[in-house]
Amino acid sequence: MNRRRSHEPVFWVLFGAGGVVAALTLPALVLVTGLLGPHDLLGEDALAYGRMRALAAPWPGKLLLLPLVALPLWLAAHRIHHSMHDLGVQVRPVASALVCYGLAAAGSALALVTLVRIG
Amino acid sequence: MSRRRPYVRPMAGWWRRNPHHFLYMVREGTSVFVGAYAVVLLWALTALADGPDAWSTWLATMRHPLAVLFHLVVFVAACWHTVTWFAVSPKTMPPMRLGGRPVPASALVGGQYLAAIVTSGAILYAAAAAA
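Residue numbers (my numbering), protein chains in the order written: chain L, 1 to 119; chain U, 1001 to 1131.
Just chain U, with the same shape it has in the complex:
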């Protein structure tokens, strides 16, 4: 066993000192809320499989003020994920060409916002119960 202790570079708070790094960590941080929300959806599925009583319990839990607060935070995090995901997509997607020319980044991002609006509209329309 060596007596020397290896040097460990201190890393505490590096991401708070530079606005660019801060935004990077906020973007990565949204995933914690995305994951937590996926677990809530998983819980909803198990309640649905367990029967009407379990489903009512899940639905009642969603009405708790803390659940509402949680979902407000998740909503903001999810929207921020959407904005940042689309923003970096011209750099992460394989290059696209249309008629021999590269598709401009603005068209790529705009197209994805259009897709998000259509998808969101479809989800909300399908969810709304016919009065």
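Extracted from the complex, chain L is given alone in its bound form:
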């Protein structure tokens, strides 16, 4: 019997959380930040610097923005990592996991540090 604990549940939880957050928010978020907002279709000041800072500076705003940015990274990392295997890419699973989850972790850390920096 293999008594070593698997790391998989940790990534699976982050993947699941990322999947839920992405499913609930991304279509509307893409509309706001990518398709309507930059073209002033939500009002001229929708994405104004001062307005965005007022959103990201207080702690409730930071706690709202962190999962919106970080969790979808874990969704993508998990699926891309497993798709490597599905597509028969000859890469060691450990290497693919390190790169995929490593990038997601780095992105999450950067998001956290940046949000604190907006302070």
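A couple of the hints might just be wrong.
Claimed, not checked - Covered stretches of chain U (chain L as the covering partner; in silico rule of three or more C-beta atoms under 8 Å from a C-beta of chain L):
hint	segment
1	1021–1034
2	1037–1044
3	1048–1060
4	1078–1089
5	1095–1107
For the record, the hints were derived by calculation from the structure and aren't laboratory data. Just so it is clear, CB atoms sit at the ideal spot from N, CA and C, and this is done for glycine as well.
Since the structure of chain L is provided, determine the placement of chain U on it from the hints.
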């Protein structure tokens, strides 16, 4: 060192031959665009932290035709992620019971669509600047 070369089963294009497998790979493929969009959001955060000039640059970049094209693709991918995520949720979520009876799959999926509509409405309402 062995002279024999191990047999590697050819895997090229297996997912294109069966519509079910094709849809599976399309679903998994949406994650590439979700990840790319998360990086754009991360870039927006760093621009916001760097100051008004960096923010203007980010905003101007978002107006570039290629950025618009990118976001159109991301929008379709994100919607497809939402549809497929909700569709499999009755099988991936822990079983839910209400009044001793299992909650029907249709109610579970319908409830999530309702949650998505409410969340999306809230995001768009909060984002729209008061005229």
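Each hint tested on the structure:
no.: 1; hint: 1021–1034; in the structure: holds (count 6)
no.: 2; hint: 1037–1044; in the structure: holds (count 7)
no.: 3; hint: 1048–1060; in the structure: holds (count 6)
no.: 4; hint: 1078–1089; in the structure: holds (count 6)
no.: 5; hint: 1095–1107; in the structure: violated (count 0)
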